[in-house]
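Guided by the hints, dock chain W onto chain P, whose structure is given.
Protein chains in written order, with this note's numbering: chain P, 1 to 276; chain W, 1001 to 1276.
One or more of the hints may lead you astray.
No more than 30 angstroms apart at the CA atoms, straight line, and that leaves these computed lysine-lysine pairs for DSBU-like [unchecked claim]:
| id | chain 1 | residue 1 | chain 2 | residue 2 |
| --- | --- | --- | --- | --- |
| 1 | W | Lys1177 | P | Lys74 |
| 2 | W | Lys1197 | P | Lys177 |
| 3 | W | Lys1016 | W | Lys1238 |
FYI, nobody ran anything at the bench for these hints, they're computed from the structure.
2 protein chains.
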Amino acid sequence: MNITLAENYGFCFGVKRAIKIAEENQNSKTYGALIHNTQEIDRLKKDYNVGLTNTLSDFKTGETAVVRTHGIPKNELKELKHRDVNVINATCPYVTKPQHICEDMSGEGYDIVIFGDEKHPEIKGVKSYAEGNVYTVLHVSELEELDLKEKVAVVAQTTRKIEEFLEIANYLIARHKEVRVFNTICNATFENQTAVKALSKKSDVMVIIGGKNSSNTKQLHAISSDECPDSYHIESPKEVKKEWFDNKHNCGISAGASTPDWIIKEVIEKIEEITA
Amino acid sequence: MNITLAENYGFCFGVKRAIKIAEENQNSKTYGALIHNTQEIDRLKKDYNVGLTNTLSDFKTGETAVVRTHGIPKNELKELKHRDVNVINATCPYVTKPQHICEDMSGEGYDIVIFGDEKHPEIKGVKSYAEGNVYTVLHVSELEELDLKEKVAVVAQTTRKIEEFLEIANYLIARHKEVRVFNTICNATFENQTAVKALSKKSDVMVIIGGKNSSNTKQLHAISSDECPDSYHIESPKEVKKEWFDNKHNCGISAGASTPDWIIKEVIEKIEEITA
Chain P
1 MNITLAENYG FCFGVKRAIK IAEENQNSKT YGALIHNTQE IDRLKKDYNV GLTNTLSDFK
61 TGETAVVRTH GIPKNELKEL KHRDVNVINA TCPYVTKPQH ICEDMSGEGY DIVIFGDEKH
121 PEIKGVKSYA EGNVYTVLHV SELEELDLKE KVAVVAQTTR KIEEFLEIAN YLIARHKEVR
181 VFNTICNATF ENQTAVKALS KKSDVMVIIG GKNSSNTKQL HAISSDECPD SYHIESPKEV
241 KKEWFDNKHN CGISAGASTP DWIIKEVIEK IEEITA
Chain W
1001 MNITLAENYG FCFGVKRAIK IAEENQNSKT YGALIHNTQE IDRLKKDYNV GLTNTLSDFK
1061 TGETAVVRTH GIPKNELKEL KHRDVNVINA TCPYVTKPQH ICEDMSGEGY DIVIFGDEKH
1121 PEIKGVKSYA EGNVYTVLHV SELEELDLKE KVAVVAQTTR KIEEFLEIAN YLIARHKEVR
1181 VFNTICNATF ENQTAVKALS KKSDVMVIIG GKNSSNTKQL HAISSDECPD SYHIESPKEV
1241 KKEWFDNKHN CGISAGASTP DWIIKEVIEK IEEITA
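Excised from the complex, chain P in its bound form:
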């Protein structure tokens, strides 16, 4: 059996990077949940003694604080450094970038519009880097209420589609002298979908790994099924069945955004074992 992983699958670049950073900092604590996956957080505690706290004051001088992928507000980062806590920043570079843009653009006198969801923790961190006016919007309609300056900077902090971002940019360009548009849209979800589509075209059986309730995994499975009818959505290696691979030669694998690599690895080993 030829087993091929999709070109992009599972954890995104930022999550993988954060886990690597946590593993390299044994006996530390993360400030807030490092990523949205409790299995993985438990593993980091068990294998690397990386703890977790949501309380800033839990960090004492000389201790190591790992900043989660979503980032934290500027003043909290300052407070940690001020107290001589050893800060290891695992903020996703796709979040750090909008933070810096907010800081630079408000410094240059631009009003700032962030394309994103006010409720997301990343946004709280990104917004905190702006000194002047900063607004978070998801739809053009929300811009109508704002009284923005002639010079506006627009930055994305979301995995939503570029088309929605362009609508916001266009509204502003038509009404302002200068609009500085930073395309910082995170393409992770989109990349996983593009990759599973390409792989399912070349495969005669597809295995998609991820929580049965995970909407992004279900979406990967739906895309895969369109191209390859023998596509299976599983959560763990236990679900893999030998008959799926009868008379098949090329098995493609993908995984949802909250599926750790070690689960993917176990699934691959299981497939290799039963098709050997």
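Relative to the frame of chain P, chain W by itself:
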């Protein structure tokens, strides 16, 4: 008869400003035709002894050169100043602005895309202010051939519609990390059209003044006719007919972009005279 001028009509702001500058500089010469209207250029020669030359070397030390509304290339301006010619700049501020943007943005390392027509004289001047890469495009398809840097500045030098400008901006935003969009579209034509529409709604007779071959005057007349069926397109006061105003109370006036104010004034006087 109530005679009302459209809120915007005839010569645009930049042309009016240039003529005023020429009138204030008697015995000077313009470098290139000041504006696209020979009647007006003849009048400036007759009444103010403002000449015209297309040859840079015609200007001697101490003489006054009036720079035309469309602007001139940076090196020509430098050459005039270098030769101690007294340079009076009548370049339209809507052209000066893109010139400065080109200069600043190429200084900051941006590749520059100008939305405009390569054949227009303004473009030659605007482009000359960029030190680095600068491209003029009218359509998105032209962008496909370019190999632009991650940071791109986009500037408009045209009276074309904002929608076409947005298409270009959108193409770039989707493909580049930062796109700095300067909405420098000249709204003069659009403003005359909006104003004639509003005025024709409130008028029972409309007189639109401008060359019979002038496409922007014809467009004003068409817009006016939609709202007010008794709309007349004339070139000179001689064409005004008394019967147009029988049983009418409100006469609206507009004029094409190449119609001098003095012709408009003569038409108004004629209407006042025959309806007195």
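Here's how the hints hold up against the structure:
| no. | hint | result |
| --- | --- | --- |
| 1 | W/Lys1177 x P/Lys74 | 24 angstroms, holds |
| 2 | W/Lys1197 x P/Lys177 | 26 angstroms, holds |
| 3 | W/Lys1016 x W/Lys1238 | 25 angstroms, holds |
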